[in-house]
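Spelled out from the first residue to the last, the chains are:
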Amino acid sequence: MTDTKDDVKDSGPESGTQAPAARQAPEEVPRPRGLGPAGWLRWGWRQLTTMRTALILLFLVALGAVPGSILPQRGQAPEKVAAYLDEHRTLGPWLDRFSMFDVFAAPWFAAIYILLFVSLAGCVIPRAVKHYRSMRARPPAAPRNLARLPQSATFETDASPEDVLAEARKALRGRRFRVDVSSGAASAEKGYLGETGNLLFHLALLALLFALGIGNLFGYRGDVLLMEGRTFANSLNQYDQFTPGRAFDDGELAPFTVSLDDFKAEYETGGDKRGQATEFNAKIRYRETPDGGQKTHDLQINHPLKVGGAKVYLLGHGYAPTFTVRDAKGNVAFQDSVPFLEMEPRNLTSEGVIKAPDAEPDQLAFYAILWPTAMASEDGKQIVSAFPAPLRPVITITSFKGDIGLDSGSPQSVYKLEGIGTTLQPVKDGQKLLEPGETFQLPGGAGSVTFDGLKEYATLSVNHDPGRIPALVAAILAVLGVATSFMVRRRRVWVRAGAGEGGRTVVEVGGLTLGSPTSEFDDIVTALRGPEREPGPGEPDEPREPDGPATESKE
Amino acid sequence: MSNADLANLSDKLMLTTVVMYIIALVAYAADMGFGRRGAATAAEARASVQEKAEAKILVGPGGATDADGTDATEATEAAATAAGEDDADRPQVDWARLAIFLSVLGVGAHLGVLVSRGLSASRWPWGNMYEFLTAISFAAVTAFMVVMFRYRARFLGVPVMFAAVIALGVANIWLYDSVGPVTPALNSYWIAIHVSAAIIATGAFTVAGAATILYFLKSREEARASAGTGVATGVKVPGGVLARVPSAESLDRLAMRVTMFAFPIWTAAIIMGAIWADQAWGRYWGWDPKEIWSFVTWIIYAAYLHARSTAGWKGRKAAFLSLLAFAALLFNFFGVNYMFSGLHSYA
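Those protein sequence lines, which keep their order, are chains A and B. Letter by letter, the first sequence follows residues 1 to 555 of my numbering. Letter by letter, the second sequence follows residues 1001 to 1347 of my numbering.
Treat the hints with care, as some may be off.
[Stated by the list, open to error] Partial list, computed: chain A residues near chain B (C-beta under 10 Å):
no.: 1; residue: Trp40
no.: 2; residue: Lys273
no.: 3; residue: Thr278
no.: 4; residue: Thr296
no.: 5; residue: Asp298
no.: 6; residue: Gly309
no.: 7; residue: Ser461
no.: 8; residue: Val479
[Said to hold, decoys possible] With a Cα cut of at most 27 Å, we get these calculated BS3-like pairs of lysine-lysine:
no.: 9; chain 1: A; residue 1: Lys80; chain 2: B; residue 2: Lys1314
no.: 10; chain 1: A; residue 1: Lys295; chain 2: A; residue 2: Lys283
no.: 11; chain 1: A; residue 1: Lys130; chain 2: B; residue 2: Lys1314
no.: 12; chain 1: B; residue 1: Lys1290; chain 2: A; residue 2: Lys311
no.: 13; chain 1: B; residue 1: Lys1012; chain 2: A; residue 2: Lys273
no.: 14; chain 1: A; residue 1: Lys416; chain 2: A; residue 2: Lys432
no.: 15; chain 1: A; residue 1: Lys329; chain 2: A; residue 2: Lys190
no.: 16; chain 1: A; residue 1: Lys455; chain 2: A; residue 2: Lys432
no.: 17; chain 1: A; residue 1: Lys80; chain 2: A; residue 2: Lys416
no.: 18; chain 1: A; residue 1: Lys273; chain 2: B; residue 2: Lys1290
no.: 19; chain 1: A; residue 1: Lys130; chain 2: A; residue 2: Lys190
no.: 20; chain 1: A; residue 1: Lys416; chain 2: A; residue 2: Lys428
no.: 21; chain 1: A; residue 1: Lys283; chain 2: A; residue 2: Lys432
no.: 22; chain 1: A; residue 1: Lys283; chain 2: A; residue 2: Lys311
no.: 23; chain 1: A; residue 1: Lys295; chain 2: A; residue 2: Lys455
[Unchecked claim] Calculated from the model, a selection of chain A residues having no Cβ within reach of chain B, i.e. all distances over 10 Å:
no.: 24; residue: Asp86
no.: 25; residue: Arg136
no.: 26; residue: Asp272
no.: 27; residue: Gln276
no.: 28; residue: Lys311
no.: 29; residue: Glu438
no.: 30; residue: Glu456
no.: 31; residue: Arg468
no.: 32; residue: Ala475
no.: 33; residue: Ala478
no.: 34; residue: Ala527
Think of the hints as simulated: they come from the structure by calculation, not from any bench. Every residue, glycine too, gets a C-beta built ideally from N, C-alpha and C.
Bound conformation, chain A alone:
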């Protein structure tokens, strides 16, 4: 885009969005015939870096992302993927074969975005080099006929051509143009920032991709459920779920500890928003290192704790009722708090299981539902929870005995009972409502279960992402770049002065703006004409007339 004709042709009304010449050429590239591998490579490269290919790749990225929102994804909800596969026995495995449950880690998705970024780099980097050169090169020489430019003006003056050009240089420099005077004409150019912004935007996107890659490679993320009164030490075996980056080494886990003293949730107590959570606060104590000093902290949503290069987030909460299970012999077979999972988010009706593998002669297990604020339902037949806080906690318990299946070696969820009806048999009349402190004696002297009380737990997420700050910087640069490229346009102005009739000097001025002409040109012409044609005292300001700009617009 150095030659003027091109520019005139290209100068659409919007600036900054013009496709660079490099991206415009697909049709003219002849298909190679017998060019050999090098020729094919060059041809392929040119195809890849055309705007048409880039558009198709952009479209494919958008299209490829869609299944990620429709189908459950392993990265977000592995349990939902399992459920989906369970429900769709024929379709499921096929979808899985095409990585439809890991869309954003799928080879085909990676192929699309890598091609897109290669195409981007193949276009933007040469453009950046060219732009750098053109910023240092002289502004392009004046075209022969300035009158044919979109903006032009001609006037006569008594000053000598040299004086006119010197004056033009001064005026244009004053407007921060880069000016070059040679062979009877001044060439001036400004507005490089537009192209700079455009390039910055695209390069920042490349940088953002790298930052994401660094985070995925070297970072880690883990989730942990922490009950009140417990302590979490940052090591692999303490996590409920842990996702390391590919290049992550577990020696990198900072040796901090976090203890949860008290979790408090506040809810709206009246009005039609009754029960909506308004604040969560986890009172914690933490140590940066095992021998370090202990600090207290209020951990809240939206306010993560920075410790040892990692960040600790409060993500959620729930109830963990405490139970004591005695077996048929009266020995304590189990005594602990058990985290329950919410069944509905509004009033936190929750469910959980208690497994007492140490009970003898039969192992005991219980399925329980907790109503934080138990009330009779409207028809009086059921129990419901009327409020999420534990105002009147009640638990119903269903008892099982037999083999829990923990010895079989296959891993079990701590939130589920397995083998019900086969290895685990329901205890007859083994259902009971319990309030805190109450004990249920199982029928037939099989044992007992006591609901000792209620604790709360917080779910915490711990992560370390070395790509976080680079990604942020890249993202900010991208926004600045795109905004600049839309706001700043490149402008060129030429001034030619030559001897005219009668000893006067003829001055020609031409202007070329990417996009539609600006009034800046008129101001420049007015400035050049100088005091000679000073508007009369009564005359209104000239350039502001709707139909009377100093020049005519050719667009």
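For this one, chain A is given, so just place chain B on it according to the hints.
For chain B alone, coordinates are given in the frame of chain A:
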């Protein structure tokens, strides 16, 4: 005033807003359809004046814009008056003036809805779907007003007001929610930044979408006219409604300009959302359905911006991409919140 009074006031003002917008919509439509006799001539005159004014407005700093804008207005009025002079003795309703007057009143009431709602809840009034949709339609109408005064684009009144009335109707009938606090996750100063940016961008994209739809209608009309199938069809049909709409080319340009305004804001909204997500959920990008569809929307708008400047893609193909992107934007708002479960569920 107590919070309950303020909430009540907000609901009352909502009704006022909707009524104003409906009448304004009718007035815009009347202005477009039979505002003045000789509409075609007036439109021609306006288009040419507008074109000139536009050229300067585009670049001019605030001061220049105002001056030019006024000139353009006067010239347009003059042209319109000239065109309508022959039947000056007939009583005329100045539909355009009525429409603008009602829209200004409506926007004022609309702002009142948002402010009283926010005061009543003591927080930013975008915490649930009802409030989002109310705020987005406010942004759309405001964007339209700005475009109308800057580019003389009154013809956008019909599609934008129509969209605003539908949106407010949906908000009140299906999405209404009483005033209340937000969940702790939304309780952050980022709601003022991230959500506001998303709302502004969505409002502007709506105006761009309206211009693009008009572009499709007009370009088909122009194609039919230039096909030369006879003067009767060429002049008579578009003479009705689309005569007051400027050329397809300037509609295309207008849509592009508004998109160029909205795109960086949308980009910023996504990035600020990522920063907030990093604070609230412990990751800045997790392919949550909302994140996916914001990304998809962004990609398609980016494709549109590129297509717009690529030979062979200009015109209808690019405009199609713009509409597709707008569809993705709408889906991101309605579809994602009601069809998928994700972290952005406030319904």
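Here's how the hints hold up against the structure:
no.: 1; hint: Trp40; result: violated, 24 Å
no.: 2; hint: Lys273; result: holds, 3 Å
no.: 3; hint: Thr278; result: holds, 5 Å
no.: 4; hint: Thr296; result: violated, 20 Å
no.: 5; hint: Asp298; result: violated, 13 Å
no.: 6; hint: Gly309; result: violated, 14 Å
no.: 7; hint: Ser461; result: holds, 4 Å
no.: 8; hint: Val479; result: holds, 5 Å
no.: 9; hint: Lys80/A x Lys1314/B; result: violated, 43 Å
no.: 10; hint: Lys295/A x Lys283/A; result: holds, 11 Å
no.: 11; hint: Lys130/A x Lys1314/B; result: holds, 26 Å
no.: 12; hint: Lys1290/B x Lys311/A; result: holds, 24 Å
no.: 13; hint: Lys1012/B x Lys273/A; result: holds, 21 Å
no.: 14; hint: Lys416/A x Lys432/A; result: holds, 19 Å
no.: 15; hint: Lys329/A x Lys190/A; result: violated, 92 Å
no.: 16; hint: Lys455/A x Lys432/A; result: holds, 21 Å
no.: 17; hint: Lys80/A x Lys416/A; result: holds, 15 Å
no.: 18; hint: Lys273/A x Lys1290/B; result: holds, 25 Å
no.: 19; hint: Lys130/A x Lys190/A; result: holds, 16 Å
no.: 20; hint: Lys416/A x Lys428/A; result: holds, 20 Å
no.: 21; hint: Lys283/A x Lys432/A; result: violated, 34 Å
no.: 22; hint: Lys283/A x Lys311/A; result: holds, 16 Å
no.: 23; hint: Lys295/A x Lys455/A; result: holds, 23 Å
no.: 24; hint: Asp86; result: holds, 18 Å
no.: 25; hint: Arg136; result: holds, 26 Å
no.: 26; hint: Asp272; result: violated, 5 Å
no.: 27; hint: Gln276; result: violated, 6 Å
no.: 28; hint: Lys311; result: violated, 7 Å
no.: 29; hint: Glu438; result: holds, 33 Å
no.: 30; hint: Glu456; result: holds, 15 Å
no.: 31; hint: Arg468; result: violated, 7 Å
no.: 32; hint: Ala475; result: violated, 4 Å
no.: 33; hint: Ala478; result: violated, 7 Å
no.: 34; hint: Ala527; result: holds, 16 Å
The structure fails to meet hints 1, 4, 5, 6, 9, 15, 21, 26, 27, 28, 31, 32, 33 from the earlier list, while all remaining hints are met.
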